[in-house]
Amino acid sequence: MLSLEAICKRFGDVEVLSGISIDIKKGDIVGLVGPNGSGKTTLINVVTGMHDADAGRVLYGGRDIIGLGSHHISRSGIARTFQNLRLFPRMTVLENVDAAQHGLPSYNLYQLMFGDREVDKNHRQKSEWALEQVGLVDERDRLAKTLPLPQLRRLEIARILARDPELVFLDEPAGGMTPAESEAMAMLIADRVTPGRTSIVIEHKINLIAQVCRRVCVLNAGILIADEKPDVVFSLPQVIEAYLGRRKVNA
Amino acid sequence: MSDYAVSIVSNMGMIAFIALSAYVLLVVGNISFGQQAYFGIGAYISGVVTAMWGWPLWLAIVLGCAVAGSAALVIGTLTLRLSGIYFAIATLSFAEMIRLGLLSVHVQVEIDGELVGPDGAEGFGDIRWIFENDVTPFEFMTIIYVLLIGVLMVLVWVERSRLGAVIRMVGGDPLLAQAQGIDVVFYRLLATVFAGIIAGLGGCLYAHFTTYIEPNVFNVMLGVHSLAYGLIGGLGTAFGPLIGVGLDIGFLEGIRVFQGYRMIVFGGLVAVLLIFMPRGILDEERVHRIKRWLERS
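Note that the protein sequences, when read in sequence, are chains A and B.
Throughout the first sequence, residue numbering follows numbering that gives the first Met the number 0, covering 0 to 250 in sequence.
Throughout the second sequence, residue numbering follows numbering that gives the first Met the number 0, covering 0 to 296 in sequence.
Simulated from the structure, these hints should not be mistaken for lab results.
Every residue gets a Cβ at the ideal spot worked out from N, C-alpha and C, and that includes glycine.
It cannot be assumed that every hint is accurate.
[As the list claims (entries may be wrong)] Partial list, computed: chain A residues near chain B (C-beta under 7 Å):
#1 I23
#2 L67
#3 S69
#4 S73
#5 A99
Isolated chain A (complex conformation) (with noise of 0.2 Å):
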């Protein structure tokens, strides 16, 4: 379904990613780890067309995505979250998971401006059912520059399901959450995400990794060091060494 070929990406000097290549089939749950720095946001924007990659490709349903435009990307069936929430603040809870649509392709100019009956009521049926599948249907009305971050981040899931995409990319879902909160954030990962949909999860938080991936690639400067399942990947002494360094390993 999506196979990035030897994507290569430079920020001025720093080579971010050498030749990364890693083939993900329907369905499947990887989580994406590593070090600060190791290049695992800078692959997310690269695949959703925030980022140019220097080289390499990536395929998506065997068409080649390097160039389109991020907006195109996300109408082919490709949804992302962000390491550092990106909500719309001033906009209220509701509003924040309907515009989660408006890019679909299912409205053009002319149904945004005029409307189209059907597939508002349908849209907006969409909004409602994903804001209760993630607890949020009383803070329906509020503005979301006044929810506390365990809910901020369970709004991103509803936009995810709102706009129900075939590839799903979650940037640190659970991002400065108590580890109670960690624990129901992979709950509904596992419950409501990754279900009958291919998913890439991002995570510091190993629990989060091992409760909701099959698989976990090890992204460490740039390079792809490991791609296992997860009860495999944390044994590897490239791994660990990636993690703690040569002098903890060997101790």
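The hints should help you fit chain B onto chain A, whose structure is shown.
Leaving out everything else, chain B in the frame of chain A:
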């Protein structure tokens, strides 16, 4: 209504167009210091159409708006990749180019023994449609406000539609909007053209109300004021810029208490509001609260 009151109220109405024009761009996240260019283009084109060609006002308005909108399309296309201060400087430069260009335009024709048409720094007088058609200032003021209400209705309708939400997405967080399938460049261009047409319409009316225009009327101060009106009145609704216009022209200029200190008071007002209400009096939050209150009651 006294002639002075008609003049002030008409002036408020005409300036409201350029204020709304700057507001549309602010909502999509672009700060333009150049909306006076489209106001000027509308004024000159419509003046040429009625005074030199003898065509009716409605046709002058259509042509004035069309040329202003086309100019906005060209400038919008050239500035597609710019944002923030770069966009602001580009629009300011364009507006100054138009103003300086108009200073060198001398295209006059003889009508009834008099030379009529743009004459560089001497300006463009004898835009006499209002006299030739026996339209009183009060009646022209009515035309201004009918058209202003029309523009406002369109803006309110857009704001209530999903297109309005898309435009606010583009202004709120273009990266997120893009990630949700919104073609940010297209909607910014659409807003630029629409804003150009609105400013052009204001210019058409201005030329015919004052009957005399000159390039220096469309200077950078007009652009700065048009921006400030939205920032004062608020970016939560199209009625925001009208509050800004009302405060400046209706209150500060209209009552003449401040006289020579008007600009100082106005500048102070902008500074205070930007500190305490960065998105103006009727910002999105206040508009949201008002809507909730109206729904409840």
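Evaluated hints:
Annotation: I23(A) was flagged as interfacial toward chain B, and the flag is violated, the nearest CB pair being 19 Å apart, outside 7 Å. Taking 7 Å as the C-beta contact cut-off toward chain B, the hint placing L67(A) at the interface is violated, the least distance being around 12 Å. The interface hint given for S69(A) is met, as the beta carbon of that residue sits about 5 Å from the closest beta carbon of chain B, less than 7 Å. At about 4 Å, the closest approach between the beta carbon of S73(A) and any beta carbon in chain B falls short of 7 Å, and the interface hint on this residue holds.
A least Cβ separation of about 5 Å between A99(A) and chain B falls short of the 7 Å threshold, and the interface hint therefore holds.
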